[in-house]
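**Student:** Residue numbers (the numbering used here), protein chains in the order written: chain A, 66 to 357; chain B, -2 to 264.
All clues given are correct.
Where chain B lies over chain A, by a calculated footprint (3+ residues, C-beta under 8 Å):
hint: 1; region: 241 to 255
hint: 2; region: 265 to 279
So, partial list: chain B residues that the calculated Cβ filter (under 7 Å) puts toward chain A:
hint: 3; residue: L57
hint: 4; residue: R80
hint: 5; residue: R91
hint: 6; residue: G105
hint: 7; residue: I108
hint: 8; residue: F136
hint: 9; residue: H138
Read the hints as simulated data drawn from the structure, not as lab findings.
We put the CB at the ideal spot given by N, CA and C, even for glycine.
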Amino acid sequence: MIQPSDTSGRKPGGSTALPLTNGGRPPTVNARIGATRVWWTRVTTYQPVIVDLIAVAVLWQISTFFFSPAIVPPIGAIGTAIWNIFSDWQNLISLLVTSLRVLVALVLSFVGGAILGICMGLFRGVRTYARPLLHMVQGVPALSWVVFAVIWFAQVELRIAFILIIATLPAFALYIDGAVQSVNLDLMQLGQAFRASRLQQLTKIIIPAIVPEIMSAWTVNLGNGIRVAVIAELIGSTVGVGFQLLQAQAVFDMAGAVAWTLSLVAVLFVYQGIISLCERRLLSWRPKGEMA
Amino acid sequence: MTSAVPAVSFSSVSKVFLKGEASFTACSGLSFDVYPGEILAIVGETGCGKSTALSLLLGLQAPTEGHIRVLGADPFAEFYALRGRIGIIFQNDRLLPWRTALENVAFGLEILHMSKAERLERSRHWLDRVGLGKFIDAFPHQLSGGMRQRVSIARTFAINSPLLLADEAFSALDEITAASLRADLLGLIGEESKTTIFITHSVVEASELAGRILVFGKPGQVVREVKAADMLAGGGNKDDVAQAIRDGLQLARQRNGDSALASPSTA
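So that you can see chain B by itself, here it is in the shape it has in the complex (with noise of 0.2 Å):
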């Protein structure tokens, strides 16, 4: 722990789906707790709750019961008071196509109302930063997936938002590609100190970028925490981590009751 005041807390969250006279638990008494200059994964299964659970620290929706603090703010009920300290690196670039690399990387500086002069030149850096220098004039139709995901990961850290979120932000790429986007993010955000909240379903990509890692199980609860770093700190290598996290997916199926077989999604 970093610091005593937590930059994302969690506690005992609950969000209920309504539809008609149907109701559908997305997460039950979530708590966790994410500190400054922490990098944290979150691993689970399709349908565990990630994503929900990434919505409400976005703010986008309200949990039925609990509450959430974001860099001391509610994010949904203070929603404009976290512009520009949230950022977000999405499982697809999300790019605008009508828009060049370079325009891409603006939009979040445009929503923050800043100059032309200092967007831009703060974008040419970015795109730079990422090695993508000579390409600021290519629409998103003429950059590789890569590339592209390249632009959206400058479009993130342009605005220098102190909480970094990536939603499965390699999954849409070959293992080539990812692994090497991986690496050169976490260059990034160890460059930035950001504190960084990775929502993923892979166990090789939780055990190499995070510290600590919290495996999900449905509806939307925390099943078992890997300490990366201290397992590391403590003469436990990567294999273990990804074996801890494995060990917490089966304890999720247990619970689930659903088989024990392993997935192929989580191998």
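Just chain A, with the same shape it has in the complex (with noise of 0.2 Å):
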């Protein structure tokens, strides 16, 4: 058996794992300062986030003492409008079918922009054809494709997830295309010297090296995408945020406006959220160091 020369004292991830019982007594102190400690960590951790939006709620509420309320409500009636969108179902309901939307589309454009950009970054020809192509649909302006889908389908649906999609893909598509691109080369040599096959190298060493890229994609792609559905729903839709702003436009209502606004943009947070976890538990492997 081989005896390994450079193992003495090393012990993985350069920690030691704790016991995290203490035979069912109660806490000790120590454990309640550790779970203080990472109460704390917490805090902040978000501590710019709640540093920025203090900062925005003063300047805010600042400038109401110089424009009427039409124009800047006060904060107290935001929080009010705010209230009225999650205690009323069909605010609610609003809410809930621009994020269902934006989430389905967004599957969808990952779906078709990952399979499209994985034969981009395997296959020069296909990177060759589609690349200009996709860079010129991402420079068509989102109102445009409003207008096209407006000509092409006479269903709202059809007409939002066209929008969304088409101005989504593109960025899944060349982030996947320049990830694969990137992949090691020492390790698709690995995977050609075991003689894996092409399902094989994709499934086994492509895919899992292109984690960290694809995510990143999501990222920037879920912002564009809860901005595009906006547009998309401002015209034909008689449900979802975009009709609502509509509405409070309508009316001169800027509290409702704004309200509107900051629940789209908690429901970013939350949809942020979930891929910083998936995240989290995709690239577990990396050294703390490399975690976004």
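Please assemble the complex out of the two chains, which come individually in their own frames, going by the hints.
**Tutor:** Below you can see the structure in the form of structure tokens.
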């Protein structure tokens, strides 16, 4: 048996696991201090966000002294409008519908973009012709796609799905193409040396290697998708945040418009939280310093 | 010679790379045989065609001329016929960073479609044999360079291939770790009776490991064959073998018209 000459005293990860129980006794002072530390670490992690929110709220409240409530409504009025959204089923449905539209479209867009991106990364011919096309599609303003969709599709849901997919698919495809091309050549040669089939190369080397870029693409496309969803819902839709914003604009309800916008931002944060959780789970193998 | 049928056979092999109008000859008329159970080293300076020969042997490229047989098959034309029959240890460990040590060792077995229970059992066995039984759940970044190379050795041995290739397997390690690993690898090769080809630019490594050494010169030709086992049996020692290899390298340099000064990389 080979005896490693360089393993003495070294533990993987550089840390030692501690027992998690103390025989069923109440938590000790040390355990309580530990819990407080965890809580404080969480607070300090979100500290910049909290500070930003407070700063924006203060500036907003100060500006209410200089502008009419119709233009800059007081924070209290916005709070009431937000409460109305979350306490009324009809309003809540609008928020959920928009969230669902974004989710479904992004999933479809990801599947299509991933297939195209992998083909682009693996086959030069596909990349040569697909890249300019994708860049061209990316250059078209979202509002143009709205106009095209209104002319092409009678069904509202189809129209919104088309706009969302066309706006987000190119980014998925281009991100994944770049990721496939940058997969470590040594690892690809490892697969070849072990005589892995093309499918095995894809599933055992390429896809696991591009997970970090896939997560980045999701993060970027999520914000993009939410913005485009609102634009898509402005025309023809009878439910959704875009529709609600249009209603608020029609009656000059600035508090309502801000409340709907903030609610949508909250949805974005929830989705980003889910992506972060997935990222932490899928990339748990990475050294701590490399985690996003 | 332990058998009449070679495990690896190169017959007048040439490899020419074309790039536009220009062409580059990496191998020219390369011929050699490796017999079952034999430990052979290929030594040569950078750019002498060692890597091309390895690539041809693995079947990653087709020869421009000549014939190659590996374990009775054409490695390029019958690529998948040799699946699981050639093991390779690379210069860098090439561990998959998202896999634990155990999962990395199991990689080759997954390619062979072995059942999960069987491949994990075999992977554990091989991690134990390379002395890393306590590190099965460690990720590559949690291991030292020497430990990572041990995991890659375990990955190669796990597939139980009759032919083993080692491409500059120790050159990325410090001398102490490399020496320890060389001795351990030689022990494993002896226990498993594998036909082995070491590709190296280190004279010391070649003289310590191989029973026969082929000294390569440009463009991908054998300029000298050093029968180390015969020299040692005839009363010679490792220093004599090393000197014979150095003479071969000197001859290769003279043929190339290079400086006769010894290169530090082959000292």
